[in-house]
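Let's have the full structure, built from the sequences with the hints guiding it.
Those sequence lines, one after another, are chains A and B.
So the first sequence is numbered by our numbering: it starts at 1 and just counts up by one.
So the second sequence is numbered by our numbering: it starts at 1001 and just counts up by one.
It should be emphasised that the hints constitute simulated quantities derived from the structure, not laboratory data.
Careful: at least some of the hints might be erroneous.
Listed below are several chain A residues computed to face chain B (Cβ distance under 10 Å; list not exhaustive) [what the hints assert, rightly or not]: (1) A41; (2) E42; (3) Q43; (4) V44; (5) S60; (6) G61; (7) L75; (8) L100; (9) F103; (10) L115; (11) D157; (12) F161; (13) A194; (14) S199; (15) G287; (16) I291.
Label pairs and their in silico Cβ distance ranges [to be verified]: (17) R289(A) - F1342(B): 20 to 26 Å; (18) E247(A) - Q1264(B): 53 to 59 Å; (19) K319(A) - K1006(B): 51 to 57 Å; (20) E1268(B) - V222(A): 39 to 45 Å; (21) R333(A) - L1238(B): 31 to 37 Å; (22) E35(A) - L1238(B): 50 to 56 Å; (23) V1132(B) - P331(A): 38 to 44 Å; (24) E1268(B) - P133(A): 34 to 40 Å; (25) R333(A) - K1319(B): 51 to 57 Å; (26) E247(A) - L1238(B): 50 to 56 Å; (27) E32(A) - S1213(B): 51 to 57 Å.
C-beta: ideal position from N, C-alpha, C; glycine also.
Protein chains: 2
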Amino acid sequence: MAISRKEVARLAGVSEATVSRVFNNVGPMKEETRERVLQAAEQVGYVPNALAQQLARKKSGNIGVILPFVPKVHLFSTYYFSEILSGIGEAANRSGYNLLLIFREPSDAKDYSMLFRTQKIDACIVLGARDVPEERAALEQLQAEGHPFCLVNQRFDGTSFMTVDADHAAGSREAVRHLIASGRRSVAFLNGPAEYSSSRDRLAGYRTALRESGIGYREELVFVGNYSRKSGYEQAELIGERIRSGEVDAVFAANDRMAIGLMQGLKELGIEPGERYGLVGYDNSDGSRIISPTLSTVEVPFYEMGRLAAEKLLKEERKEADGQQEDSLLPIRFLARETSTF
Amino acid sequence: MAISRKEVARLAGVSEATVSRVFNNVGPMKEETRERVLQAAEQVGYVPNALAQQLARKKSGNIGVILPFVPKVHLFSTYYFSEILSGIGEAANRSGYNLLLIFREPSDAKDYSMLFRTQKIDACIVLGARDVPEERAALEQLQAEGHPFCLVNQRFDGTSFMTVDADHAAGSREAVRHLIASGRRSVAFLNGPAEYSSSRDRLAGYRTALRESGIGYREELVFVGNYSRKSGYEQAELIGERIRSGEVDAVFAANDRMAIGLMQGLKELGIEPGERYGLVGYDNSDGSRIISPTLSTVEVPFYEMGRLAAEKLLKEERKEADGQQEDSLLPIRFLARETSTF
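If you want it as structure tokens, here you go:
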């Protein structure tokens, strides 16, 4: 192999180290040099010995992305996951890494460490993690074994896991304050499951906004879906009754999908957003912009969160991190649209 | 290592072959057995030697998915890619495979074989392939070296590449026939780039529908975008003029994103779909359903196409294919909605 590499180097007019760098996808490289090396390699039929190479590098060149697997849900078609994944892909691609997608089924024994021990990945990003004991244990094991990983949009309180999150408490507070400022007094809240820190943050923001406005918190105005459109649609009957009785004059939903499902369900019951009720969603998904009436919402920089997570990880993986592990909490932005500003 | 495996087998009360099957993720396996083996492995600290294992199996356990990389475009947020990827993920996950995403940049020297030679993947699915010489050469090399791969939604005429496609000629024919049947006589066509077979198929269907209705084909009524919303929006001025002059009374767009962009652009010019013009898109994306007015479109089974491609590939990879390579051409379905049925 050494002779071959030498030959490639000679033919391409570069050093052997450069040939290695091209085949290991390490460091910056002029596109022109890269092409010349690849052409030379093709000419002499040079194939780097993958296993020897892996042994030497102990690297896979892959960033793992652990995703929840939900049968029948087209995961990549949800705004949330697709945006985060696009951001991760952008950063990974820029550094010459590929993404290895790993689906986590509810029944799986969670042994993420195995992915590192078997050299399938060099670092990993965990998405859609619920704060349950098995998940905590699996992540603690990763940390104990020194494998670099990062959580996106989820926190595990009391741990020092690397995390990239957005300020959902502030986002929810702003959304509810906006509804109250526009004259609404009884804001119902359609939240997601409490196992997600992002749901708990939203609840905290909702309560803060009520308190700041001198409005009492009433548990019977809090509804729970599972972040799907269908789960929003299914709450329409119950919430519709409260709107009809005048008990509720606004709804804040923890994501756009539930807000859109609820809006459609209420429409079928003859209740349109506007005078009857104000509505704010969360995410600023494509759907929120093109639905009619357009949906007021909270913009979350999911793409940037994915990109930042990958960048932080790769920095750590290359041992460039300064040892100071700091959480990233990205800012959100409230966007007033038609459903709350009639 | 053999001794360890023996120990795991004894402790779990299964055969050594079963232990191997669990760690190689091969074949069907009762969840209970799998868990017992994993627990036993953990108890004795058994870690399969990844490299030895890979040497023995010559398998990575990964299906590669080659995707175009377009800076600033959030690829996974497009309905088309996200649905295909969800389908691939479903099939891969069911067979215990992970997905390795590989971004193809326009400037890349296309050496897909390297991914196999370096044992990063066992099979691959190629998405968004343009029929250009370098791409053809790269795929022909894969075929010559006997690496299993499958194209989704793209064909390369004159080759015998494994392909899963949808009947876009029929879909476009139906869409245009519908517009003509509803009384429109001058149907403009906003197509995508001709390097994609799916664009050429759509043009063929458009021409067939015109011919069958005794309407002459006029090249000046064919416009070309790049499948982005923006590229549809940018045609609004030109197409708007034709609508105002009465030269055009309907538009068929090759995907929903361009149709929605065009509709928004025309709306800003004061031209609404309905009496002024009929509009049909293509894809049946989420956006087509929630936009107002709702967009008539053609449903393409992207999810099923992705799933089928992965299933065909894995069958070939396990040498279960019967040698008969047959193309899959999935049916489409026309959906009449508000933009063409006022």
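Comparing the hints with the structure gives:
no. : hint                           : in the structure
1   : A41                            : 9 Å, holds
2   : E42                            : 8 Å, holds
3   : Q43                            : 13 Å, violated
4   : V44                            : 14 Å, violated
5   : S60                            : 8 Å, holds
6   : G61                            : 8 Å, holds
7   : L75                            : 6 Å, holds
8   : L100                           : 5 Å, holds
9   : F103                           : 4 Å, holds
10  : L115                           : 9 Å, holds
11  : D157                           : 27 Å, violated
12  : F161                           : 22 Å, violated
13  : A194                           : 27 Å, violated
14  : S199                           : 23 Å, violated
15  : G287                           : 6 Å, holds
16  : I291                           : 5 Å, holds
17  : R289(A) - F1342(B): 20 to 26 Å : 24 Å, holds
18  : E247(A) - Q1264(B): 53 to 59 Å : 38 Å, violated
19  : K319(A) - K1006(B): 51 to 57 Å : 38 Å, violated
20  : E1268(B) - V222(A): 39 to 45 Å : 41 Å, holds
21  : R333(A) - L1238(B): 31 to 37 Å : 35 Å, holds
22  : E35(A) - L1238(B): 50 to 56 Å  : 39 Å, violated
23  : V1132(B) - P331(A): 38 to 44 Å : 43 Å, holds
24  : E1268(B) - P133(A): 34 to 40 Å : 54 Å, violated
25  : R333(A) - K1319(B): 51 to 57 Å : 54 Å, holds
26  : E247(A) - L1238(B): 50 to 56 Å : 53 Å, holds
27  : E32(A) - S1213(B): 51 to 57 Å  : 53 Å, holds
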